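Given these sequences and hints, build the entire structure.
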Amino acid sequence: MTSTHPAVELNGLTKTFGAVTAVDGLSLRVEPGEVVAFLGPNGAGKTTTIDMLLGLARPDAGTARILGGTPDDAVARGRVAAVLQTGGLLKDLTVGETVQLTAHFYRHTRPVAEVLERAGIADIADRVVGRCSGGQQQRLRFALALLPDPDLMVLDEPTTGMDVEGRRDFWQALRRDARAGRTIIFATHYLDEADAYADRIVLVRQGRVVADGTTAEIKNLAAGRTVRATLPGAEQAALAALPGVDAVEVRGDSVLVRTRDSDAIARHLLTRTAARDVEVTSHNLEDAFLALTTERTGA
Amino acid sequence: MTTLPAPAATRTDQPDRRLPALGGFSLGALRIELRRVLRNRRTLAFTLIMPGVFFLIFGLPQGDKTLDNGRPVMAYVMISLAVYAAMVATTSAGGAVATERALGWSRQLRLTPLRPVAYIATKVATAMTLGLIAIVVEFLVGAAAGVRIPAHVWLLSGLAAWVSSLVFAAFGLFIGYLVPAENVMQFIGPVLGVLATFGGLFLPVELLSEVLQRVAKFTPVYGMGELSRAPLTGDGVSVVGVANMVFWALLFGIGATRLFRRDTARV
Chain A
621 MTSTHPAVEL
631 NGLTKTFGAV
641 TAVDGLSLRV
651 EPGEVVAFLG
661 PNGAGKTTTI
671 DMLLGLARPD
681 AGTARILGGT
691 PDDAVARGRV
701 AAVLQTGGLL
711 KDLTVGETVQ
721 LTAHFYRHTR
731 PVAEVLERAG
741 IADIADRVVG
751 RCSGGQQQRL
761 RFALALLPDP
771 DLMVLDEPTT
781 GMDVEGRRDF
791 WQALRRDARA
801 GRTIIFATHY
811 LDEADAYADR
821 IVLVRQGRVV
831 ADGTTAEIKN
841 LAAGRTVRAT
851 LPGAEQAALA
861 ALPGVDAVEV
871 RGDSVLVRTR
881 DSDAIARHLL
891 TRTAARDVEV
901 TSHNLEDAFL
911 ALTTERTGA
Chain B
108 MTTLPAPAAT
118 RTDQPDRRLP
128 ALGGFSLGAL
138 RIELRRVLRN
148 RRTLAFTLIM
158 PGVFFLIFGL
168 PQGDKTLDNG
178 RPVMAYVMIS
188 LAVYAAMVAT
198 TSAGGAVATE
208 RALGWSRQLR
218 LTPLRPVAYI
228 ATKVATAMTL
238 GLIAIVVEFL
248 VGAAAGVRIP
258 AHVWLLSGLA
268 AWVSSLVFAA
278 FGLFIGYLVP
288 AENVMQFIGP
298 VLGVLATFGG
308 LFLPVELLSE
318 VLQRVAKFTP
328 VYGMGELSRA
338 PLTGDGVSVV
348 GVANMVFWAL
358 LFGIGATRLF
368 RRDTARV
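Going down the list, the protein sequences come from chains A and B.
Residue 621 is where the first sequence starts when you use the working numbering, and the numbers rise one by one after that.
Residue 108 is where the second sequence starts when you use the working numbering, and the numbers rise one by one after that.
Calculated from the structure, these hints are not laboratory results.
If you're wondering where the values come from, they're calculated on a predicted model, not measured in any experiment.
Every residue, glycine too, gets a C-beta built ideally from N, C-alpha and C.
Don't take each hint at face value.
Said to hold, decoys possible - Partial chain A-side listing against chain B, Cβ under 8 Å, derived: (1) Ala701; (2) Ala702; (3) Leu721; (4) His724.
Encoded structure:
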């Protein structure tokens, strides 16, 4: 059945708006059950990619498939649901009525009371949407997305504009709901969210995937780690020749080695040299993010 | 601490992934839409209360005066105002798409199985239900105030006013897709007033100047006013009146359809 298909398969997606290429031949494969952060600065093409993934926009080139079918079919069958920045709500309906109304559009949904509970808004079901805070409205959109019990949940910058507490509540609701087998893709420009909630990070810049891997891999990819040690008379050229070394700096008795394989370098320093005080420092995701998403040519 | 529901992972049933019947159109959604419309104080004021008050101001003082065929002038005023009430009701219900587009709700709907045609069908059904309520309320006010006419006149005039108000449901949708503004009815309201005047809903068209009378024949309310009053006056319906209605129904209908297609096309 659907288990043989990837949850998401994007192939060479391209979209231009006039002279601007928003998405530039983007390909991505997401397996069922993965929690993927789509990370990139504003204008990287995240929202346009999501629009094409959901069938809201037509790609100029390339294809988008959800669980082996077209995006439109996946939406109509409730296989995919999304929380988008642009999705509006009717201000004069109550929270509960909004969920009820949306439930009527599907063949089958989870019970209204259940999704309200899961989204953490059961206590405000009778409140008129126009009097709800931004965070509450976002959890209402999340409740609507939970209705069809989708196999794939797509969230575009779900916590934008929320305060710290709102963001925490939202992610708690999402995590609480994460069920085995549900695939989640969320776009964000908050590094800590990608770091904390995703198994896998896809970094996009100028409409292209520039890095794709686990959080740890992404951190390593851009800046690697730095191994520092006290080693009088260090031979700079010999260290630089070791595999995985990007740069070697000698400062008096100290040596700093920037490397993608800090384990091997540390082992080498401790077993083959007289080095002591070995320190390994990891670069954080922000360093990786900046290194990978900043235009190096300055264009 | 609140008790969380059992995690969904433990359930054994698979979600039903079949497509919804009728493109997602449902009476349940229609019921919520109607509740929403009937909760809107502005809508109630303009479609139910104001036409009723107009009748008490302009209809009631006619007293025992009769038309040429001996039927009460009060009934003439009542039917005219029922047409007015219905056209305001259907326009505002159709025009609600403007608000929903402005708020981004129509975009939210595209993430659901609801087909655009089913959405429009719900809007038209809501508009026509509100239009029917508006006519019934106006007739009840008239009956309570002493309008006495044969049963078939109540029925045929009411039916004509109701069916022809479909033209304005289309007009509302047309405007709704033309202008994505939350407050679209604020500028449509006065327009409806002018059109109603040309349609002879506030005073007989014969009382207008000769030039205006000639202009009136081309305005969209003229035909439906004539048709709705025909069962009362016994004057029959003129070719001009029928042509007028058909023309405007087609124009607004085609206009709304085209704008709707443009709106739902993917970019």
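For each hint, the structure was consulted:
1. Ala701: This interface hint holds because 7 Å falls under the 8 Å limit.
2. Ala702: holds (5 Å)
3. Leu721: Hint on Leu721 (chain A): holds, closest Cβ of chain B at ~5 Å, below 8 Å.
4. His724: Check passed: Cβ of His724 (chain A) comes within 4 Å of chain B, closer than 8 Å.
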